[in-house]
Amino acid sequence: MGVMGVTLNSLEKDGDVNSASAYKTSAAEGFQSRSRAKPTIAISGLQIHGGSILSPKVSEFGRTASFGKPPLHKMISHPSADDLNNSYASYMGNSEGDSSEGECQQVHDSSRYGEAKHADEKFEQYGNDLHDQGPKFKRIEAGPEESETEDEDEDEDEEHVDWVYPEDKMSVQDMNYGVDSRDLGTSDDWIQRHPSLVRLTGRHPFNCEPPLSALMEHGFITPASIHYVRNHGYVPHGDWDNWKFEVSGLVKRPMKLSMQDLVTKFPQREFPCTLVCAGNRRKEQNMTAQSIGFNWGAAAVSTSVWKGVRLCEVLRYCGVMSRKKGARYVCFEGAETLPAAGGTKYGTSLTIEKALDESCDVILAYQQNGRRLEPDHGYPLRMIIPGHIGGRMVKWLTSISVTSQESGNHYHYNDNRVLPSHVDAETAKAEGWWYKPDYIINELNINSVITTPAHNEVLPFDSIQKPYTVKGYAYTGGGRKVTRVEVSLDAGETWRLCDIDRPERPTKHGRYWCWVLWELDVDVTDFLQSKELVVRAWDSALNTQADRLTWNVMGMMNNNWFRVKVQACKTAAGGIGLSFEHPTCPGNQAGGWMAKLKKGADSKAQQPVEPVPAKKTMVKSSSTPSFRQPTVRQISMIEVRRHTHSESAWIVVHGSVYDCTGFLQEHPGGVDSILLTAGTDATEEFDAIHSDKAKAMLEKYKIGELIAESEYDSFSACSTPEGSLRGGSNFKYLTPISELPPVLAKPVALNPKERISFQLVEKEKLSANICKLRFGLQSKEHILGLPVGKHVLIAANINNRLVMRAYTPVSCDKDVGYFDLLVKIYFKNESYPSGGLMSQHLDSLNIGESIMVKGPLGHIHYRGKGQFDVNNSPKQARKFAMVAGGTGITPIYQVIRAILEDPEDSTDISLIYCNRSESDIMLKDQLDEWQEKHSNFRVWYTVTGPVREGWKYGTGRMSESMMAEHLPPSAADTYAFICGPQTLENTSYDTLERLGYDRKFCFSF
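Using UniProt numbering, read the sequence shown as starting at 1 and increasing by one per residue.
Source of the hints: derived by calculation from the structure; they are not laboratory data. Do not take every clue at face value.
Claimed, not checked - In the SDA-like style, the derived pairs of lysine to any residue whose C-alpha atoms are separated by at most 25 Å in a straight line are:
| no. | residue 1 | residue 2 |
| --- | --- | --- |
| 1 | Lys828 | Ser399 |
| 2 | Lys265 | Ile221 |
| 3 | Lys879 | Glu993 |
Stated by the list, open to error - Pair ranges (Cβ atoms, derived):
| no. | residue 1 | residue 2 | range |
| --- | --- | --- | --- |
| 4 | Lys763 | Ser421 | 54 to 64 Å |
| 5 | Gly342 | Asp499 | 48 to 58 Å |
| 6 | Arg328 | Lys865 | 54 to 64 Å |
| 7 | Gly326 | Tyr953 | 32 to 42 Å |
| 8 | Glu901 | Glu781 | 17 to 27 Å |
| 9 | Ala546 | Ala972 | 52 to 62 Å |
| 10 | Ile756 | Ser171 | 45 to 55 Å |
Built from N, CA and C at the ideal position, the CB exists for glycine as well.
Can you make the complete structure from the sequences, with help from the hints?
As structure tokens, this is what we get:
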């Protein structure tokens, strides 16, 4: 039976005789001739138009909205009988249609999905271009007659503009910038970047905005070369031919799609869209009170023409499930691995309603301004979500997952939030503000900026006879229209309406995705009575801008009135004129009237903002200028290398010099962690192991900028003879030989200032996810030279970037000629898509391959007989209460071993060791053996998973009663050592305090 017969039976069965009759009549007329316009067939409120099922007509406007109707291209796509009936049933609320109420979704027969077959013999006679609604779209050009009768709303040609891209006017020489010297030595040293871009976070990662004048010079469309850039880490190497992204989760047909699939199987959508970083104008916030973000100026905004495929097309292609079946969010992840987020990818999510709403124009974009994406802008594939902040538009897209919960990604919760003004960084973390849904940022707010007059522009009085044109930009979010822009010359008492240039046409759904450029002619004599120019904008929802700044801890969505100060001055020619001053200059650039207020140089001037008091604990952000210093100190690398000890420890990070001496005792990683890199360029290691918060805290200790000297490469100083122990280093401040165990008379393998290569000589698989690796030292006479309680940094180049992780060997300095690592491998899984980068790398090593090791480092050093140091402060213990979780056993194991193998050390040890399962317990045989032989050592295991019959230890998570039973009570000579996941450490500290332990007696490795 063909499509017609099946559909008629379905209609007649439902008693809809009128619709069945209409179907017969219209179908007969529709297939009489191919030269006629595509037929529209009514089916109980539905329409079949050219073979595609459409939603009900909106009678008020006489329009139809198609099921996945492709933009900019005509398409004929004929569904099979089952598809018609399924789609009809789905629309009418049949749960088997896998669609929620009112949701327009095509449902495909999965048994035939992926093939382009003829749907029915009756269709074949009308031409080979009539196919079933499979996953492949066949595009055909509409003939003249079709174009005349085409429903206007089914085509988006009315939106289409033949945009003239700025790149079309540039020569090859204009666009060939070469690799910036500032990128040499970083993982981005293969990318061409425009030299005029203002860098906001040092050399790496690359975050920049164009000079405001350069941005406006190109008008409505911004060249990709000066489009602002927000990168959280390195730029992945994209390969068009091999790039694939995965669609998974609550979809019927999970699959991986290539770039070729994307451009050939789906209708394409191309339109202009303005992208804005949520931190645009943040430096104004930082002038008021320091946020935890770096200093964006007013040019973190750009407009390009983007081309790609609607997300809703891809999701329907994969059979996205309905809300009834749990589909609530669509999560996105990129390709880059970010150490600041614990080695995870950058990711976020969007509601399913936004994702499936064709009017929202959410696309998977692969072109910008008519060309493939640039590396910094997400090549080869990125998300574009119009009207939203840039932080939702994941670059280097590799994963799309339909889920019942919003993204659990680190950046989804710890970035892009506007918290109340009283909440600082510490309060936000302690009270869980990052996870409160009311403060997430999605859509852009209304904003406007004055770009002309430019900062520090001078207007001579001899130009008084001509009006001066004030210019700027304005934007808003959510597809709303900027309806007016106003400028005031009298602090907001009166307003003048500006002329708006709006090259963008609204979409067929009435949405506006772009900024507007505005201008206003002002008589120069009016400036004489004005102290400042002020601008504000309004949108179609009557949103406008506040006159005063409201501070928030991330410094985001700043959109108070933009104010340009006006004052009389002398011109370069010696005459009189007017000068204009913007509130700030981006990044570390000096200037701006807010900087003067900050320094107190203009204390009598009217201050147009209300500073929000900042707590003393507020962290400083990267790229924040030091307001105590009128000029930035210039420091050579030669001078930096002199400061390598605890009395004066300097480091270089991203071209800035920091004196960390005052932070040595407070550093969570201990004094050694800083002294290891003191006197060197520590950028690579600092980025590899520190979070964004740590980077922000570092700014407090900035003392100057590094001078770029041609006679040496300062970026690799740590590998030069002068920067190593074999050259001009000062040995005075290394650990004195007298403080090390007597066994250290042997040659020592480790070097605290250099990474040393060690070769894998033995490899033993202990379980499915645990292996023991033995590395040979320089000779059979060498010892590693690692004091008990310390650890080493393992470094490896993984996916073209440096990855570093701390490990504690299970061998000790009694073991000569080698050291052993016990590694738990964290394989890739659904909840941890990348797995553990370093553990997987170590597991993949073959005999003869090498790793790089640096150390020792750590703030705890056990010396024997209960004596130990914490940050060089001596302690004496009679008893130890120890808590370990997972791989956190290794440093604790070292201390236990040192005590139990010394017959003169009677220190008492109680250990609780937490794991998921018995098979995860590392070193159990040795621990059990020690417990049997030594009366001063007790161990209690607890596991959260299933246990075997006869298990005599604990189950479930460690509890307060368990700790009270198996650890010694608090006393003046009882100390606690803890090592494991952060949650375990936090729980242990809190519980020990409730059990009477003083926090000063509890330490984590």
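- Query: Tell me, which hint numbers fail for this structure?
  - Reply: 2
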